[in-house]
Amino acid sequence: MSVPISYYLVLSGILFGLGVVAFVFKRNVITVFMSIELMLNAVNLAFVAFARAHQQLDGLVFVFFVIVVAAAEAAVGLAIVMMMAQNGQSLNVERAHSLGEGGPTYLPGGSAAESREALKS
Amino acid sequence: MIPLIVFFACALLAVASAVTLILAREPIHSALSLINVMVALAILYLLLGAEFISAVQIIVYAGAIMVLFVFVIMLLNAGVEERTDYSKLAKYAGLPLGFFLLIEIARWMYGSSAGSTIANGAGAITGAVSTRDLSSELFRQYLFNFEATSLLILIAILGALVLARKNQ
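Sequence lines, in order, name chains G and L. Read in this note's numbering, the first sequence has 110 at position 110, and its numbers run on one by one without any break. Position in the second sequence (first residue = 1) + 121 = this note's numbering.
Everything labelled a hint here was simulated from the structure, so no lab data went into it. On a predicted model such as this, the values are computed, not experimentally measured, just so you know. No residue lacks a Cβ here, since even glycine has one placed at the ideal position from N, Cα and C.
Some chain L residues judged to face chain G by a derived CB distance under 10 Å, without partners named:
no.	residue
1	Ile143
2	Tyr166
3	Gln178
4	Tyr182
5	Leu216
6	Leu255
7	Leu259
Let the hints inform the model, and build the full structure from the sequences given.
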């Protein structure tokens, strides 16, 4: 007997949820990128399952495009990570702050708002 | 019967590896568990009859993209992840809300598919999707999109080059 399509969709949903949780929980910027890849993989599984359910090939073609976009995103994102490391920035997403308004980095310890106040004064 | 066993084995492997990705302190452990997820998903694609996608998943995802990740982790010598808790709200509300999101997405996905007749495997394709059909679809109906992705890749290469160049 074949596996019902809804099983694949539930698995895809669970994996996507875990990807979102990892994206929010992880602190290392490389791991954050990896959780994005996990989410993309979960969506790919849903695409393939739907392509099978509807007996159409468009879903598979979309998976192909998603993989291409993921490859491009990983190349550019990891280049940015390399540049952050070369400039001596922390890879912790809560410390690395040079793109934001509050200055180069958060001060260690204390809440984010306190650090921002400390940097202003 | 055998497809069900394979499905549940792969699903368990994928979910367990995804949980390991969250819990692991070292980035390299997270990367290896992500490769586990991708291999499990490739087997699931085979089960769904998408041979080409399964091969692409192994070659491009587990092969190229994850090698890039592992390469960067090794190059930067990224050690144990630092745990900073700047936000008290995230610390206490994060885990319950994360579980809620997980349950809700899974429930919604199930609910969206259970009502339709396609969900019960009635219309499932018995054979595998041939790569020939897939390529004719890709190079006829989606030809413009295919060419557009080549432009995207070119821009990504240029972007990576510009970023990797030393500041002078």
